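Student: Here's the letter readout for the chains.
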Amino acid sequence: MLQQPYDLEVGAGTMAPETFLRVLGPQPSNVAYVQPSRRPADGRYGENPNRLYKHTQLQVILKPPPDNVQDLYLESLGAIGIDLRQHDIKFEEDNWESPTLGAWGIGWQVMLDGLEITQFTYFQQCGGVDLEPISAELTYGLERIAAFLQDVDSIYDIVWAHDPQSGKAITYGDVRLAEELQFSVYNFEMADVEKTWKHLELYEAECKALLDAYPGGLKVASSGTSEQAPVERKRTPILAAYELCLKCSHLFNVLDARGAISVTERVGVIARIRTLAVGVARAYIDQQQTEHEVSLEAQSAPQKQPKLKREKVATT
Amino acid sequence: MLDFLLEIGCEEIPARMIDVASAEFAKRVGDLIKREGLGVVSPVVYSTPRRLAISALIAPRQPDSTSQSVGPSVAIAYADGRPTKAAEAFAKKVGVKVDELEVMESAKGKYIFANLKTVGRSASEVLAESLSHEIGAISWPKSMYWRSKNERFIRPVRWLVAMLDDQIIPMEFAGIRAGGESYGHRMLGRKVTLKGAKEYESALERVSVVARRESREQRIRKALDAATRAVSGAKWREDAKLLDTVVNLTEWPSVVMGNFDGEFLALPEEVLVTVMRDHQKYFAVEDREGKLAPHFLAVLNTEGDPQDIIRHGHERVLRARFNDARFFWNTDQKITLRCRVDLLKQVTFQKDLGSYYDKTLRVQRLASWVSETVKQAGIAVRPGIVHKAALLAKADLTSELVKEFTELQGVVGGLYAKAQGLDPAIGDAIYDHYKPESMDDAVPRTMEGAMLSIADKADSIAGMFALGLQPTGSRDPFALRRQANGIVRIIAERKLPIGFQDLFYSARATYVGSAVEARFKKREEFFADLAVFFKERLTFYLREIGGFAYDVVNAVLVADADNVVDALARAEAVTKARSIEGFESITTSFKRVKNILRQARESGKYRVAAANLSEIPWTDEHERLLAGTIARVSAKVSEFDSENDYLKALWWIATLRDNLDAFFNNVMVMVDDERVRANRLALLQTLLNEFSTIADFSEIVTEGQSSN
Numbered sequence: 468m469l470q471q472p473y474d475l476e477v478g479a480g481t482m483a484p485e486t487f488l489r490v491l492g493p494q495p496s497n498v499a500y501v502q503p504s505r506r507p508a509d510g511r512y513g514e515n516p517n518r519l520y521k522h523t524q525l526q527v528i529l530k531p532p533p534d535n536v537q538d539l540y541l542e543s544l545g546a547i548g549i550d551l552r553q554h555d556i557k558f559e560e561d562n563w564e565s566p567t568l569g570a571w572g573i574g575w576q577v578m579l580d581g582l583e584i585t586q587f588t589y590f591q592q593c594g595g596v597d598l599e600p601i602s603a604e605l606t607y608g609l610e611r612i613a614a615f616l617q618d619v620d621s622i623y624d625i626v627w628a629h630d631p632q633s634g635k636a637i638t639y640g641d642v643r644l645a646e647e648l649q650f651s652v653y654n655f656e657m658a659d660v661e662k663t664w665k666h667l668e669l670y671e672a673e674c675k676a677l678l679d680a681y682p683g684g685l686k687v688a689s690s691g692t693s694e695q696a697p698v699e700r701k702r703t704p705i706l707a708a709y710e711l712c713l714k715c716s717h718l719f720n721v722l723d724a725r726g727a728i729s730v731t732e733r734v735g736v737i738a739r740i741r742t743l744a745v746g747v748a749r750a751y752i753d754q755q756q757t758e759h760e761v762s763l764e765a766q767s768a769p770q771k772q773p774k775l776k777r778e779k780v781a782t783t
Numbered sequence: 046m047l048d049f050l051l052e053i054g055c056e057e058i059p060a061r062m063i064d065v066a067s068a069e070f071a072k073r074v075g076d077l078i079k080r081e082g083l084g085v086v087s088p089v090v091y092s093t094p095r096r097l098a099i100s101a102l103i104a105p106r107q108p109d110s111t112s113q114s115v116g117p118s119v120a121i122a123y124a125d126g127r128p129t130k131a132a133e134a135f136a137k138k139v140g141v142k143v144d145e146l147e148v149m150e151s152a153k154g155k156y157i158f159a160n161l162k163t164v165g166r167s168a169s170e171v172l173a174e175s176l177s178h179e180i181g182a183i184s185w186p187k188s189m190y191w192r193s194k195n196e197r198f199i200r201p202v203r204w205l206v207a208m209l210d211d212q213i214i215p216m217e218f219a220g221i222r223a224g225g226e227s228y229g230h231r232m233l234g235r236k237v238t239l240k241g242a243k244e245y246e247s248a249l250e251r252v253s254v255v256a257r258r259e260s261r262e263q264r265i266r267k268a269l270d271a272a273t274r275a276v277s278g279a280k281w282r283e284d285a286k287l288l289d290t291v292v293n294l295t296e297w298p299s300v301v302m303g304n305f306d307g308e309f310l311a312l313p314e315e316v317l318v319t320v321m322r323d324h325q326k327y328f329a330v331e332d333r334e335g336k337l338a339p340h341f342l343a344v345l346n347t348e349g350d351p352q353d354i355i356r357h358g359h360e361r362v363l364r365a366r367f368n369d370a371r372f373f374w375n376t377d378q379k380i381t382l383r384c385r386v387d388l389l390k391q392v393t394f395q396k397d398l399g400s401y402y403d404k405t406l407r408v409q410r411l412a413s414w415v416s417e418t419v420k421q422a423g424i425a426v427r428p429g430i431v432h433k434a435a436l437l438a439k440a441d442l443t444s445e446l447v448k449e450f451t452e453l454q455g456v457v458g459g460l461y462a463k464a465q466g467l468d469p470a471i472g473d474a475i476y477d478h479y480k481p482e483s484m485d486d487a488v489p490r491t492m493e494g495a496m497l498s499i500a501d502k503a504d505s506i507a508g509m510f511a512l513g514l515q516p517t518g519s520r521d522p523f524a525l526r527r528q529a530n531g532i533v534r535i536i537a538e539r540k541l542p543i544g545f546q547d548l549f550y551s552a553r554a555t556y557v558g559s560a561v562e563a564r565f566k567k568r569e570e571f572f573a574d575l576a577v578f579f580k581e582r583l584t585f586y587l588r589e590i591g592g593f594a595y596d597v598v599n600a601v602l603v604a605d606a607d608n609v610v611d612a613l614a615r616a617e618a619v620t621k622a623r624s625i626e627g628f629e630s631i632t633t634s635f636k637r638v639k640n641i642l643r644q645a646r647e648s649g650k651y652r653v654a655a656a657n658l659s660e661i662p663w664t665d666e667h668e669r670l671l672a673g674t675i676a677r678v679s680a681k682v683s684e685f686d687s688e689n690d691y692l693k694a695l696w697w698i699a700t701l702r703d704n705l706d707a708f709f710n711n712v713m714v715m716v717d718d719e720r721v722r723a724n725r726l727a728l729l730q731t732l733l734n735e736f737s738t739i740a741d742f743s744e745i746v747t748e749g750q751s752s753n
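Chains as they are written, first to last, in the working numbering: chain A, 468 to 783; chain B, 46 to 753.
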C-alpha cells in the first residue's frame with residue numbers, strides 16, 4: 468500500500484502512525500510512504516552541504532518481513548537505476564533505538580560505495596511492547612540517494628526539476644535553502660522557550676486526558692479484559708492522542724536545539740514522552756483486539772480463532 | 046571416515062562478532078562430535094559475513110559398546126535349576142532372552158547378569174539430533190528473533206547445509222531444513238549445489254566467495270600492496286583492527302585506491318585518519334617520510350572497479366566527510382575552550398554525579414592534590430599546567446567535531462588548546478588524558494598529562510563506587526576496570542608516590558557538601574570495596590605486565606596492596622630472593638608459624654598476641670636465642686626497609702633460618718603450661734608481625750609443594 472506523508476512534524480518516518488502503530492499487534496501490513504522528517508538540532512543554516520534540518524525519507528514497512536526481504540530491497544535499488552554489479556554494496560551492523568518511543572530494532576546501515584543510503588531494521592520492540600510478528604523497516608535517505616544518482620557534492624545542488632520552457636534547472640537549494648536558514652534561526656535562536664514549554668505541557672495534558680478516558684484505563688487495556696462496551700473503546704480517539712504525543716516530541720526537539728533543556732530535565736522529559744507513547748501503544752493494541760473480537764462476534768463464528776495468528780503475506 | 050560439512054547461511058553477521066562466533070561454533074560442533082564418540086579429524090573452519098561453516102572427517106557411526114547389568118541373586122532367579130518369574134522379568138527388562146543370562150560370583154554371593162550390547166548409532170542420526178541445539182547455543186552480544194520469540198540468532202538464518210559425504214543430515218534450525226545447496230556472493234554469485242565437504246571451498250570460490258577467513262585476509266593484504274604501488278614510495282598504514290573488520294565485511298574482496306584534495310591535509314592528521322578509519326573503513330596511505338598522503342584505500346566486496354565508478358563514489362563520500370570535519374573545525378573555533386567550560390553544565394556525566402561541569406571542578410581539585418603530592422616527593426611537575434588543563438579537559442565534549450567523532454575526545458581538546466594559543470604543555474596534557482585506553486596504548490607522554498589522567502579516572506571510579514555502581518562479573522558498563530588498570534600503569538611507569546587510600550580519600554573529599562553525598566555508601570564500605578578492586582587490578586598488572594610469578598604476587602600483595610611502586614619493588618626483591626640460601630626454608634618455617642598461630646586462634650582457648658620480647662622471662666635456650674635474633678634482625682630489616690632496599694632486608698630475614706629450625710626441632714609450642722605456651726605464641730606472633738611487611742612468605746610455593 469502506498470500512503471501519503473504524515474501531515475505533522477515528525478523526527479523520522481518511524482514516528483508516523485503507519486509505522487509506529489501498524490507494527491503493533493498481529494495484523495500484517497505492507498506500506499510505503501515518503502516522510503519529510505524534522506530534526507531541529509541537525510539544522511546548519513543551509514551552510515553545510517550534507518546536513519539538513521528537514522530531510523526526506525522513503526519509509527517501507529514489511530510486516531511480517533518476507534524471507535527474501537534483503538533481495539527485495541536490493542532489487543528496489545535496481546529499480547531506481549543503480550546497477551549493483553557495478554557498485555560496492557555492504558550491510559554493516561547498525562542497530563536502532565528510540566528511547567522516546569520505547570522502540571528498538573536490530574539491523575544494518577546499507578553502504579553503497581561508502582555512502583550510507585538506507586537504514587534496514589528488524590523491529591523487535593515498539594512502545595515498550597515485544598512485537599509479534601516483527602516488521603522490517605527500510606528507511607531510504609532520499610537526498611543522499613538523489614545526490615548519489617546525480618553525482619553532486621552538495622544536497623543543495625540536486626536538480627529537483629527542469630523548467631519545461633527554458634530547460635533551466637530548479638535545484639534543491641532553490642526550493643529549500645530559505646527554509647533551512649530560517650528554521651535554523653528559529654530553532655537555535657528565536658523559538659520562545661517559555662511558550663514552547665507551555666505548548667509542550669498543554670499537548671501533554673491533552674494526550675494524557677485522552678489516554679485516561681480510555682474505557683477501563685490503560686492497565687486493564689493492556690491485559691485486554693475490559694468489560695466496558697467494545698464500542699466505547701473503539702470510539703476513543705487514541706489516534707488523536709498519538710498526534711498530541713508527536714507534538715510533544717517535536718517541541719522537545721525544538722527546546723533541545725534551543726539549549727533550553729538542562730541535564731536533569733532532559734532525562735525526565737524523555738521519560739514523560741515515553742510514557743505517552745507507551746500508553747498509546749497499549750491502548751492501540753487493545754483497540755485492535757476489540758475490533759477483532761467484535762468482527763468475530765459479527766460473523767458469529769463459533770470456532771476459536773487464535774489471536775496472534777501469523778498470516779502469510781504475499782510478497783511483491 | 047565421512048566428510049562432514051555444516052554451513053549456517055545467514056543475513057550479514059556484524060563484522061566485530063564473526064571471529065568470536067566462528068570459534069565458538071567450531072568448538073561446539075567439535076566437542077559434540079567428540080562427546081558422541083564420532084572422532085574428529087582435521088576440522089576446518091570457514092566464516093564470511095553470510096556464513097559460518099565447519100568441515101571435518103568423522104566416523105560413520107559410534108562404536109558399539111558392551112556393559113553388564115546385574116540382576117537378582119541366583120537363589121531368587123532359579124528354583125530347582127529353572128528360571129523363576131524374577132529371572133524372566135529381569136531378562137525382559139534388560140531385553141535379553143532368559144537363556145542368555147549368566148551367573149557371576151561376587152563378594153556378596155552369586156548373582157545373575159546379562160551382557161548388554163549397545164549398538165553405536167550412525168553419525169547422521171546423532172548429528173541430526175544435536176546440531177541444531179549447538180547452533181542455537183552460540184552466544185551473541187545482541188541477538189534477535191524473526192519467527193518466534195524463542196528462536197534467536199544474530200540475524201535471520203536463511204539456509205542450512207548439513208552433509209555427510211553427499212548425504213544430507215536430516216536436521217532443522219529456526220524452521221530451515223538442511224539441504225545441500227548454498228549461496229554465493231550476493232551480486233556476483235548464485236545458488237550452488239554442493240557435492241560435499243571436500244569441494245566446499247572450491248565450489249564457493251566458483252560463486253565468488255572466499256570462504257576461509259585467512260585466505261581473505263591474505264588476499265586483501267596483497268590487494269592493498271598492489272593498489273599502493275600506484276604511488277611511488279607510498280605505504281599503506283598497517284591497522285590490525287581495521288583489517289579484521291574489512292576481512293569480515295567481505296566475501297570476495299578487492300581494493301581501490303582513491304585520492305582526496307591535498308588541501309584537506311591542513312586538518313590535523315588525527316582527524317583525517319579517524320574519518321577514514323572509523324567512518325569509512327579506509328586505510329590511510331603515507332608517503333616516503335611517513336607523512337599522511339592524499340590517498341586512501343577502500344576494500345570492496347566485489348570483483349573490481351573497471352570503470353572507476355566505485356572509486357569515484359568513495360571519493361565523493363570522503364570529500365563530504367572531510368568537508369564536514371573542516372566545517373566543524375572552523376565552527377568550533379568560534380567558541381574558545383574556556384567559554385565551553387560553562388556549556389558543560391548541559392552535558393550529563395552520570396545522572397547522580399552531575400554534569401561534566403561538576404566533574405571538571407572535582408577533577409581540578411583532585412588533579413591539584415595529585416600534582417602537589419608528586420611535586421613534594423621531588424618529582425618534576427608543573428601543578429599550574431595541570432590545574433589549567435584540568436579545567437579545559439572536558440570542554441571538547443561540547444565541540445561539533447567531538448560530537449561527530451566521539452573517539453577523538455581529548456585529542457580534539459588538545460589540538461584546540463594549541464590552536465587557541467595556550468601553553469603547549471596544557472594541550473599535551475588534555476590530548477593524552479584518556480590514555481592509556483587499552484593494554485597496548487601508551488601512558489600520557491608528559492607528567493602533567495599523567496596527573497590529569499589519574500585524577501580524571503579516579504574521579505569516575507570514586508563516584509561510581511560510592512554509588513554502589515562498581516563492576517560485577519562481566520558487567521562493567523563504565524569501563525572502571527580499564528580505567529583502574531590505567532591508573533596502576535601510570536603510577537608504575539611514572540614511579541609515582543601515590544597510594545590508593547590517599548588518592549580515593551581525596552577523590553571522595555571532592556564530594557563533601559554535595560547533594561549526592563547523602564546517597565553514598567558508608568566510608569568503610571567504600572574503602573573496603575576499593576581496596577579489593579585495586580588489589581585485583583594490581584594483581585593483574587604484576588602478573589600480566591610485570592610477569593611475576595603468581596605466588597610472589599600473592600605474597601607481596603597480602604603484605605600491602607596500596608602502593609604500586611612499593612609493591613613492584615617488593616615483588617622484584619622477593620623474586621630475586623628466591624635464590625638466596627635459606628630463603629625457601631624460611632618460607633616453609635613461616636607456613637608452620639602461621640599454621641600454629643591459626644590453630645591456636647581457631648581453638649578459641651588461647652590468647653595469641655605479639656609482645657615485647659625483651660620483657661619475657663624465657664625458659665628455654667632456643668626461645669631466648671630466637672628472641673634475640675628476631676630483635677637483631679628486625680632492626681636490620683627495618684633499616685633496609687626504610688631505604689627501600691628490600692633485597693638486603695630479605696637477605697637478613699633469610700638468616701633467621703638456623704635459629705628457627707633449631708627452635709622447631711627443640712621446642713614444643715603448644716605445651717600444657719599456660720604461661721610458657723602464651724610466651725611461645727607471643728614469640729611466633731611477633732616474628733610474623735616483624736617480618737611480613739615485605740611479603741607474606743607463607744604464600745610462596747616451594748618446590749615439591751603443589752599450588753593451591
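In case anyone wonders, no lab produced these hints; they're calculated from the structure.
Misleading hints may appear alongside valid ones.
In silico lysine-lysine, DSS-like type, Cα no more than 25 Å apart, as pairs [unchecked claim]:
(1) A:665 with B:448
(2) A:521 with B:448
(3) A:714 with A:701
(4) A:662 with B:390
From the derived model, a few chain A residues whose C-beta atoms are all more than 12 Å from chain B [unchecked claim]:
(5) 531
(6) 571
(7) 581
(8) 590
(9) 659
(10) 668
Owing to the predicted nature of the structure, the values given are computational and were not obtained by experimental measurement.
Cβ coordinates follow ideal geometry from the N, Cα and C atoms, glycine included.
Student: Are the hints correct? Go through all of them and say.
Tutor: Hints versus structure:
1. A:665 with B:448: 30 Å, violated
2. A:521 with B:448: OK: residue 521 (chain A) and residue 448 (chain B) at ~20 Å, within 25 Å.
3. A:714 with A:701: 23 Å, holds
4. A:662 with B:390: 23 Å, holds
5. 531: 8 Å, violated
6. 571: 10 Å, violated
7. 581: Check fails; 4 Å does not lie beyond 12 Å.
8. 590: 10 Å, violated
9. 659: Residue 659 (chain A) clear of chain B: closest Cβ-Cβ about 19 Å, beyond 12 Å.
10. 668: 21 Å, holds
Comparing the model with each numbered hint stated earlier shows that hints 1, 5, 6, 7, 8 do not hold.
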